[in-house]
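Q: Dock chain X against chain E, hints included.
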Amino acid sequence: METKLFDRYVHEVGRRLPKKQRADVEAELHSLLMDALQDRTDEGTDQDALEATQVAILEEFGPPAKVAAGYAPPHRYLIGPRVFDLYLLVAAVVAGSLSLVFLVILPILAMLGEAEPLSALLSYLVGMIDDYLGALLAGLGSVTLTFAILERVLPDSALDKEDEETWDPRTLPEIEDTERTRIQIGGLIVETVLTVIGLIVFNFFPQWIGIGFVATIDDAPARWYAIPLLTQDFFTIYLPLINVSWILQIVLNIVLLRQGRWQLVTRLIDVVLTAFSAFILYRMITGPAFLTFEALTIESLRQLLDSFLPILIKIGLVIGFIATIGEIIQKLYRIFRDKLWVTTGLSNEAA
Amino acid sequence: MADPTQNLISELRRGTLVLTVLSQLDEEQYGYSLMQLLAEKGIEIDQSTLYPLLRRLESQGLLESEWSVEGSRPRRYYVLNETGKETLQQLKQEWRALSDALDHLL
Chain E
1 METKLFDRYV HEVGRRLPKK QRADVEAELH SLLMDALQDR TDEGTDQDAL EATQVAILEE
61 FGPPAKVAAG YAPPHRYLIG PRVFDLYLLV AAVVAGSLSL VFLVILPILA MLGEAEPLSA
121 LLSYLVGMID DYLGALLAGL GSVTLTFAIL ERVLPDSALD KEDEETWDPR TLPEIEDTER
181 TRIQIGGLIV ETVLTVIGLI VFNFFPQWIG IGFVATIDDA PARWYAIPLL TQDFFTIYLP
241 LINVSWILQI VLNIVLLRQG RWQLVTRLID VVLTAFSAFI LYRMITGPAF LTFEALTIES
301 LRQLLDSFLP ILIKIGLVIG FIATIGEIIQ KLYRIFRDKL WVTTGLSNEA A
Chain X
352 MADPTQNLIS ELRRGTLVLT VLSQLDEEQY GYSLMQLLAE KGIEIDQSTL YPLLRRLESQ
412 GLLESEWSVE GSRPRRYYVL NETGKETLQQ LKQEWRALSD ALDHLL
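Quick mapping for you: the protein sequence lines, in order, are chains E and X.
Our numbering numbers the first residue of the first sequence as 1 and each following residue consecutively.
Our numbering numbers the first residue of the second sequence as 352 and each following residue consecutively.
Bear in mind the hints are in silico, worked out from the structure with no lab data behind them.
All figures in this text were calculated on a predicted structure; none of them were measured in a lab.
It is possible that some hints are incorrect.
Examples of chain X residues lying across from chain E (beta carbon under 10 Å, computed) [stated by the list, open to error]: (1) ARG365; (2) GLY382; (3) SER384; (4) MET386; (5) GLN387; (6) GLN398; (7) ARG406; (8) ARG407; (9) TRP418; (10) PRO425; (11) ARG427; (12) GLU433.
Take a look, some chain E residues computed to stay more than 12 Å from chain X by CB distance [unchecked claim]: (13) ALA69; (14) LEU103; (15) ASP131; (16) SER142; (17) ILE175; (18) PRO240; (19) VAL244; (20) LEU264; (21) ARG283; (22) ILE315; (23) GLY316.
We put the beta carbon where it would ideally sit given N, CA and C, even for glycine.
Same shape as in the complex, but just chain E:
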């Protein structure tokens, strides 16, 4: 007996449930659907009638979001099952980013940069742990508060926009489509963490971006010097654009992680975001300089860097620009190759 429609329905309900109860509810739901089907058909029922009966049964059950919501007690949690998986993910991204910055990057910079006595270095590291715990508490607290508010403010239908009146079981996505449009969870998480780190560093610690070297100046002991390289134009012209691009990318990644698969809308937004990145690169190539070596005090080094580094960077940007254009073409090709407007459509975005 061909019951792929039931399989697709159960899959759609299951993916909205917390992992802990998913398999069990899926098994029971499938069994219940089969009971209803068996009750209304017999061995002689042809395939068309069988499918029509499945559609009728699923219409009685209602949209997957409604059934999934029924299995979750409403508003008895600080953060309910609807968004709990996503909450864990975002909390992990925030905690991971802060840990990387405070426990890895900053200590390495401190050890490389400070020629202070060991006691001073240890004192600095202890202070950093204090800062880390404070930042961790503030970061995770903000995430938790945001999700707790979302849990109470979002209507039940906010994350699943299926309309019970117009929902048609025949529009359920194929499980194969789900596989084909599956997102790369690991890649997205890594990208999100790196983007968050980039945002933090460029906006709050711009002094870290520069040339680092160990030198002996004026008979002083050899020590680590970090020379800021970014111009004021970078912060007033380019950084706001970069911030917008990165924040939108983080939002897109979170939406993708929430939906669990690519859809036509998200593919198109991804193309637009990539095009925006290309625009920023183009502006950086053609606009005011974003690097300066004014802060460089060692004259010879300055002359050396001034002569070839800007050229090298511009060459890098041109290569980056060409690669980004290639990426846009590749993403558009995927949309046409997978015929995403047929398999996902614009109307069942939340399905």
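A: Here is chain X on its own, set in the frame of chain E:
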């Protein structure tokens, strides 16, 4: 816009749902058989309401359930446990008292 009277009727019925379901689970039933049993007795409950309700009653400690592979496919059977039986008795008493009081009012 939904008919307000219909909404009130739905709300009234919703309030009796737990008592209705518990009253039929002194013997093991799986979801679909329970729905049919209730339908035979004149109580129509949406499947999307009934099945999650069984889970919730189980998580509240009123029902026990287990998978059985007897029959054409595996099915999850639910039955009242001791707490469920006691709760059912209390709900029955409450219902009768409420029903009598309402009869006087109406």
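Q: Against chain E, run the beta carbon of ARG427 of chain X and see if the smallest gap drops under 10 Å.
A: For ARG427 of chain X, the interface hint holds, since the closest Cβ of chain E sits about 5 Å away, which is under 10 Å.
Q: Run the C-beta distances from ARG283 of chain E to all of chain X and say if the shortest one exceeds 12 Å.
A: 52 Å, holds
Q: Can we keep the GLY382 of chain X interface hint, with Cβ of chain E closer than 10 Å?
A: 5 Å, holds
Q: Would the hint on ARG407 of chain X stand, with a C-beta cut-off of 10 Å toward chain E?
A: 6 Å, holds
Q: Are all C-beta atoms of chain X more than 12 Å from that of ALA69 of chain E?
A: 8 Å, violated
Q: Regarding the assertion that SER142 of chain E does not contact chain X, is the least Cβ-Cβ distance greater than 12 Å?
A: 31 Å, holds
Q: Would the least Cβ to Cβ distance between GLY316 of chain E and chain X come out above 12 Å?
A: Holds: least Cβ distance 56 Å, greater than 12 Å.
Q: Check the non-interface label on VAL244 of chain E: least C-beta distance to chain X beyond 12 Å or not.
A: 41 Å, holds
Q: Would the hint on PRO425 of chain X be counted as holding, given a Cβ-Cβ threshold of 10 Å to chain E?
A: 6 Å, holds
Q: Regarding the assertion that ILE175 of chain E does not contact chain X, is the least Cβ-Cβ distance greater than 12 Å?
A: 20 Å, holds
Q: Find the nearest Cβ of chain X to the Cβ of ILE315 of chain E and say whether that gap is larger than 12 Å.
A: The claim stands: ILE315 of chain E keeps its Cβ more than 12 Å from every Cβ of chain X (closest is about 61 Å).
Q: Quick check on the hint: ARG365 of chain X CB to chain E CB, less than 10 Å?
A: With a closest approach of 13 Å, the ARG365 of chain X hint is violated.
When the structure is compared with the earlier hints, violations turn up for hints 1, 12, 13 and for no others.
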